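Hey, can you work out the whole structure from these sequences and the hints?
Protein chains: 2
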Amino acid sequence: MSIRKRAAAAALVACLGAAELQAREASPRPEYAFSTADAFDASAVPAYAGDHGDVYARIEADLDAHVAHLQRWVRQRSVSAQDDGIDAMARLVADDLCALGFQEVRLVETPGHPGVLGHYDAGAPRTLVVYMMYDVQPVEPNWRIDDPFAGELVEHELGTVLMARGATNQKGPQRAFLNAIDAILATRGTLPVNLYVVAEGEEELGSPNFGAVLAPWVDRLREADGAFFPMNIQGPKGDVALNLGVKGIVYFELEARGGEWGGPGRSEIHGSLKSLVDSPALRLVQAIASLTTADGNTILVPGYYDAVRAPTPDEQRLVNALASTADEAAMQASLGVSRWIDGLQGREAIVRNLYDPTLNINGIWSGYTGEGMKTILPHVATAKIDSRLPPGLEPEAAYRMIRAHLDAQGFRDIELRPLSGYPAAATPVDAPLVQAALGVFNKYGAQPRVAPWLGGSAPFYQFTRTLELPFVFGGLGHGSGAHGPDEYMLIRPAEGVAAAGLAEIERSYVDLLHALAEDAAQ
Amino acid sequence: MSIRKRAAAAALVACLGAAELQAREASPRPEYAFSTADAFDASAVPAYAGDHGDVYARIEADLDAHVAHLQRWVRQRSVSAQDDGIDAMARLVADDLCALGFQEVRLVETPGHPGVLGHYDAGAPRTLVVYMMYDVQPVEPNWRIDDPFAGELVEHELGTVLMARGATNQKGPQRAFLNAIDAILATRGTLPVNLYVVAEGEEELGSPNFGAVLAPWVDRLREADGAFFPMNIQGPKGDVALNLGVKGIVYFELEARGGEWGGPGRSEIHGSLKSLVDSPALRLVQAIASLTTADGNTILVPGYYDAVRAPTPDEQRLVNALASTADEAAMQASLGVSRWIDGLQGREAIVRNLYDPTLNINGIWSGYTGEGMKTILPHVATAKIDSRLPPGLEPEAAYRMIRAHLDAQGFRDIELRPLSGYPAAATPVDAPLVQAALGVFNKYGAQPRVAPWLGGSAPFYQFTRTLELPFVFGGLGHGSGAHGPDEYMLIRPAEGVAAAGLAEIERSYVDLLHALAEDAAQ
Chain A
1 MSIRKRAAAA
11 ALVACLGAAE
21 LQAREASPRP
31 EYAFSTADAF
41 DASAVPAYAG
51 DHGDVYARIE
61 ADLDAHVAHL
71 QRWVRQRSVS
81 AQDDGIDAMA
91 RLVADDLCAL
101 GFQEVRLVET
111 PGHPGVLGHY
121 DAGAPRTLVV
131 YMMYDVQPVE
141 PNWRIDDPFA
151 GELVEHELGT
161 VLMARGATNQ
171 KGPQRAFLNA
181 IDAILATRGT
191 LPVNLYVVAE
201 GEEELGSPNF
211 GAVLAPWVDR
221 LREADGAFFP
231 MNIQGPKGDV
241 ALNLGVKGIV
251 YFELEARGGE
261 WGGPGRSEIH
271 GSLKSLVDSP
281 ALRLVQAIAS
291 LTTADGNTIL
301 VPGYYDAVRA
311 PTPDEQRLVN
321 ALASTADEAA
331 MQASLGVSRW
341 IDGLQGREAI
351 VRNLYDPTLN
361 INGIWSGYTG
371 EGMKTILPHV
381 ATAKIDSRLP
391 PGLEPEAAYR
401 MIRAHLDAQG
411 FRDIELRPLS
421 GYPAAATPVD
431 APLVQAALGV
441 FNKYGAQPRV
451 APWLGGSAPF
461 YQFTRTLELP
471 FVFGGLGHGS
481 GAHGPDEYML
491 IRPAEGVAAA
501 GLAEIERSYV
511 DLLHALAEDA
521 AQ
Chain B
523 MSIRKRAAAA
533 ALVACLGAAE
543 LQAREASPRP
553 EYAFSTADAF
563 DASAVPAYAG
573 DHGDVYARIE
583 ADLDAHVAHL
593 QRWVRQRSVS
603 AQDDGIDAMA
613 RLVADDLCAL
623 GFQEVRLVET
633 PGHPGVLGHY
643 DAGAPRTLVV
653 YMMYDVQPVE
663 PNWRIDDPFA
673 GELVEHELGT
683 VLMARGATNQ
693 KGPQRAFLNA
703 IDAILATRGT
713 LPVNLYVVAE
723 GEEELGSPNF
733 GAVLAPWVDR
743 LREADGAFFP
753 MNIQGPKGDV
763 ALNLGVKGIV
773 YFELEARGGE
783 WGGPGRSEIH
793 GSLKSLVDSP
803 ALRLVQAIAS
813 LTTADGNTIL
823 VPGYYDAVRA
833 PTPDEQRLVN
843 ALASTADEAA
853 MQASLGVSRW
863 IDGLQGREAI
873 VRNLYDPTLN
883 INGIWSGYTG
893 EGMKTILPHV
903 ATAKIDSRLP
913 PGLEPEAAYR
923 MIRAHLDAQG
933 FRDIELRPLS
943 GYPAAATPVD
953 APLVQAALGV
963 FNKYGAQPRV
973 APWLGGSAPF
983 YQFTRTLELP
993 FVFGGLGHGS
1003 GAHGPDEYML
1013 IRPAEGVAAA
1023 GLAEIERSYV
1033 DLLHALAEDA
1043 AQ
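So the protein sequences, as listed, match chains A and B.
The first sequence begins at 1 in the working numbering and counts up by one.
The second sequence begins at 523 in the working numbering and counts up by one.
It should be emphasised that the hints constitute simulated quantities derived from the structure, not laboratory data.
Relax, there's no trap hidden among the hints.
Label-pair distances were calculated between CB atoms; the ranges are:
#1 B:829 x A:157: 49 to 59 angstroms
#2 A:109 x B:610: 51 to 61 angstroms
#3 A:306 x B:929: 31 to 41 angstroms
#4 A:418 x B:865: 24 to 34 angstroms
#5 B:929 x A:46: 58 to 68 angstroms
#6 B:666 x A:84: 29 to 39 angstroms
#7 A:369 x B:865: 28 to 38 angstroms
#8 A:84 x B:605: 30 to 40 angstroms
#9 B:666 x A:329: 53 to 63 angstroms
#10 A:91 x B:666: 38 to 48 angstroms
#11 B:850 x A:369: 27 to 37 angstroms
#12 B:850 x A:404: 32 to 42 angstroms
#13 B:822 x A:306: 30 to 40 angstroms
Computed from the model, here is a short list of chain B residues facing chain A with C-beta under 8 angstroms:
#14 727
#15 787
#16 858
#17 859
#18 860
#19 882
#20 897
#21 899
Part of the chain B face toward chain A, derived, beta carbon under 10 angstroms:
#22 803
#23 808
#24 898
Being a predicted model, the structure only gives us computed values, none of them experimental.
Every residue gets a Cβ at the ideal spot worked out from N, C-alpha and C, and that includes glycine.
This is the structure in structure tokens:
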């Protein structure tokens, strides 16, 4: 233990119990030593110099119609978890591609929700695959607007926003991208690059059938030059956070149910019988508790941290740059969080966010959950758990280790039901598509911060592994509230707000396509 | 460790992990050494010899009307936890007492649901307090009949039963008792004993205001000779299980909520943020897990078992008798349970059921509990926990120890919200009221098994402590499904079923009142 760690440990005694401190000293969580203190400098990438005034003017002229396209998309419900509006939304996406002039558009049936494929052949040297997700999360009751599917424009402290489920995750930026295509086609009659659109309706379910969506065209898609996912990644102050990858995920249910091992097998029984009868709910609680330390923050599944790949020198430079500009207070305030785990700050927090797998309870339920008292011993208890997987920790290995740990701890009776699993994805910062995106960001003064990947998960391994393409997800634009209440996308920024409004977002997409085409022409 | 225990421990190695075995060896749960092997002999109590043929004939003649009274009671909803039908049920009880000829009847307002007091002064030497609860548990969806409040007569393998919420817990036997009163008054014009009825509508809520119900008449009630609670305690084969007391209870909610300590304070956030943000759901799980061993069956709250009073010699004789006739397989089958905790059997299971406090999860909930996946980190997690308290372990002490344990384990941030708490109650087997009840049971060949108390809880300390009266709860009659689906009371037994039907139940109540009166006359 270093002197610095000892001092930190001594300071911790004040707020941690001795048992917790001991657990931390014996933590299986690795400490990553950095081999470089250099920081990546995004401002060194030359700003994109192109100017496409005719297209920009078209965007301004059509802006009301462009906003209406976004509203039309969010008004079409498409909650994948509840199969609510899915087919109609898939058709809406396909119809929009046809209307834009895509030569090939097809709906792809899958064992789950359908996908949409589209191809616009401009006869250009470069080809871009554009990924879209047309599904959204379920809605929770505590929105400040009456109907999260009404597509309302709401006055917000940042300006006029579109407040709706899917406004920023992900219908708003996706339709903004198609608006940009619309403006190029209206002015130029063709596109500077060939486009494939690949859209799925199960991203929020963990994309179990995205491979089947890609399958009909997988060989064609592999010939592309890169893949792109339109996304609002600007903060309110105009800065962008570009993440070059994602963590993987396993999402599963754990369930304890009375049976041969004990507990009530048929239905709940009187609570006083706990004296003689095992409790499935307590079994589930104990099984979940065995997965982490008492603070819930270190995973105790043997081998779980060992599989994670340590930061490469390139990644270290990205992390060093992130650490120099991190604004933890702002991020915490936006989340309504008082502090990070263990009071982490600076580079340590960034490394942990990127390189630690997580274990999280998304939901847990058993027995009586209404008002007052009902005295029962429930016969079944269930939890929804997810674990985010950094590069190196594969989903199959994660499931295997969790099952083995439960078995070793005596929880063979706990059922583990996998709902989803896919690995991480990452694109190197020197890929041409990444450099093009950084050039466009620099043109708009967006001061990109670049991270090796995001703490969140998406099926982007389908691009980086299945299609073997560099993959960029991001763009100008600001939104918040994904997966929670009051989701919004900024449409018309208030005076003094630096984040892009819809028109500037669309201009930046026009520039990105031209930057890719011009790079090929050089 | 005795040789016998060592052998048992060796046998356990096959099915328990080493950690679990070690936990058991270090268990804080006491082993109670018995000082006597004698068994209490209930059959030695002389059978009640009285015969009240005129009253019995009245019961037979009015039986259809008597069944209709039971149906009328269960059809009146009275779910205390949901404040559903409570006031109407209180009025119904009061109106019935008036109709029977009780000279004083009053509704008692409380901070919660109202109580009902009634007095029938027969000018008799002996006075009996009759306790009633007019509330019922909420209903769950999985009943085999459409409406648990329809008061349906259903053909069951045991005969014709009344299947309804409250059929056996507790409206059926209570109204059967009033039917018996009705028959005595119809034939004799008066009762052999004076009666007080004290009825509450919050038993299923832990009787928080039962003291307020008793308060107006507490000094009068203290002058009575005993207190009685009509209850179906017969098994299908006709045997009765008479419990001379109850355990106490604490029922509370534990809640973890994001705040200064960490976690999301405002609403749920994206699940991937678990890398940096504490999880209230995992905190709650860890806090509950800290309360018990990994099997959920031994409470780890320091001092919790120490407060429990060891079995007295009288209680040991009752336990020895119970052990000689226990039919665990039948009880397990009726509950849908494969085995008791740790495979316990015989006297060991009985002692544990009576002398161990319990810790049970009645319900737990947090986050997303619907179909499919929603990837969130919930900001709040809640559990409903109860603990049953044997004599000696007081509710105030239980709450204090649980809070102190949570604090010591680092869970100061977990809120503990007491919903209820009251101590155990027990009446000695040699009390005259107990002996009268045993004499009546013996008259009907019901072969009473007598336990020092029940594993369940009820506010009977109000009789044994507040009123300082011997208290008996029980009577002929069979029912099942209390607190669960398909609750029923047997009305007309099928051929060969020994459990009493409604007519015999009512005759036995007639006999009990006369046995008490005749005991006074001797």
